[in-house]
Amino acid sequence: PAEVDAAEAYYKELGCRTERRKDGFSKGIGDSVRVEDPLGFPYEFFYDVEHVERLTQRYDLYSAGELVRLDHFNQVTPDVPRGRKYLEDLGFRVSEDIKDSNGVTYAAWMHRKQTVHDTALTGGDGPRMHHVAFATHEKHNIIQICDKMGALRISDRIERGPGRHGVSNAFYLYILDPDGHRIEIYTQDYYTGDPDNPTVTWDVHDNQRRDWWGNAVVPSWYTEASLVLDLDGNPQPVIQRTDASEMAVTIGADGFSYTREPGEERGFKVGAQL
Numbered sequence: 109p110a111e112v113d114a115a116e117a118y119y120k121e122l123g124c125r126t127e128r129r130k131d132g133f134s135k136g137i138g139d140s141v142r143v144e145d146p147l148g149f150p151y152e153f154f155y156d157v158e159h160v161e162r163l164t165q166r167y168d169l170y171s172a173g174e175l176v177r178l179d180h181f182n183q184v185t186p187d188v189p190r191g192r193k194y195l196e197d198l199g200f201r202v203s204e205d206i207k208d209s210n211g212v213t214y215a216a217w218m219h220r221k222q223t224v225h226d227t228a229l230t231g232g233d234g235p236r237m238h239h240v241a242f243a244t245h246e247k248h249n250i251i252q253i254c255d256k257m258g259a260l261r262i263s264d265r266i267e268r269g270p271g272r273h274g275v276s277n278a279f280y281l282y283i284l285d286p287d288g289h290r291i292e293i294y295t296q297d298y299y300t301g302d303p304d305n306p307t308v309t310w311d312v313h314d315n316q317r318r319d320w321w322g323n324a325v326v327p328s329w330y331t332e333a334s335l336v337l338d339l340d341g342n343p344q345p346v347i348q349r350t351d352a353s354e355m356a357v358t359i360g361a362d363g364f365s366y367t368r369e370p371g372e373e374r375g376f377k378v379g380a381q382l
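For what it's worth, the working numbering labels the leading residue of the sequence shown as 109, then goes sequentially.
No wet-lab data here; the hints were simulated from the structure.
Because the structure is a prediction, the values reported are computed rather than measured.
Keep in mind that the hints are not guaranteed to be accurate.
Claimed, not checked - Under the rule of at most 25 Å between Cα atoms (straight-line distance), these lysine-lysine pairs were calculated in the BS3-like manner:
hint, residue 1, residue 2
1, LYS207, LYS193
2, LYS256, LYS221
3, LYS247, LYS207
4, LYS207, LYS120
5, LYS221, LYS207
6, LYS120, LYS130
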């Protein structure tokens, strides 16, 4: 309980707006504090919840394409370095980031649990929510979701993928929900729990950072995101990013810069023994 008090005091000290309800804001959640954080995103901190049945082994209730947990968020902000410092002050660590040769940071993946990220910061006009990601056990679950969407004649709601990310190494699918919000289906990233786990830095011109197979990223993935609300339920004003944006770097004639850097050649031979 004291940590809810600490969260309220911390954000008040930062000059952020807060709202506290001892009986909670939502059904099943007790003493809570909601805040508008320094980046303009709404957060809720609580400790007391009503637990429901865990469905981990209720295989009679779900099929091959079911989701197993909420994995992460991706937030769009005009100042990634500022957001990175703010989250590091909260105890988050950076697993991977995207930069250019001048040191401009375009995105950062940050975690508290021992996977690649609980949230990612993407540079752009914000505050906006880029996507919410749900995990599956394996990549064949994602293929099942694609097959099901095709059978339901809603495959036009698939925005991007399936594919494999360079950043995070995860297998992914991006779809749009009925309200137009972006949902990622996500699986098979890697363990980051080692205390000296190094930060992986990608060149913003490397076309495999977003898709390991080199597929082009659709422009909407860079330009569109959902508005976020203040504590009164009103959309937060969107601030334009004045620094270089990844969209400007990636969306061009083909959207890419390089797969292999100059002088880096890799290949394989295909043969048959008779």
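Now the hints, each set against the structure:
1. Of the supplied pair hints, the one linking LYS207 and LYS193 holds, its CA atoms being roughly 16 Å apart against a limit of 25 Å.
2. For the hint linking LYS256 to LYS221, the alpha-carbon distance of about 31 Å lies beyond 25 Å, and the restraint is violated.
3. Annotation: proposed proximity of LYS247 to LYS207 is violated, straight-line Cα distance about 29 Å (limit 25 Å).
4. The suggested pairing of LYS207 with LYS120 is violated, with an alpha-carbon distance near 33 Å, which exceeds 25 Å.
5. For a cut-off of 25 Å, the pair hint linking LYS221 to LYS207 stands: about 24 Å separates their Cα positions.
6. Only pairs whose Cα atoms come within 25 Å are accepted, and LYS120 paired with LYS130 is accepted, the gap being roughly 17 Å.
When held up to the earlier numbered hints, the structure conflicts with 2, 3, 4 and fits the remainder.
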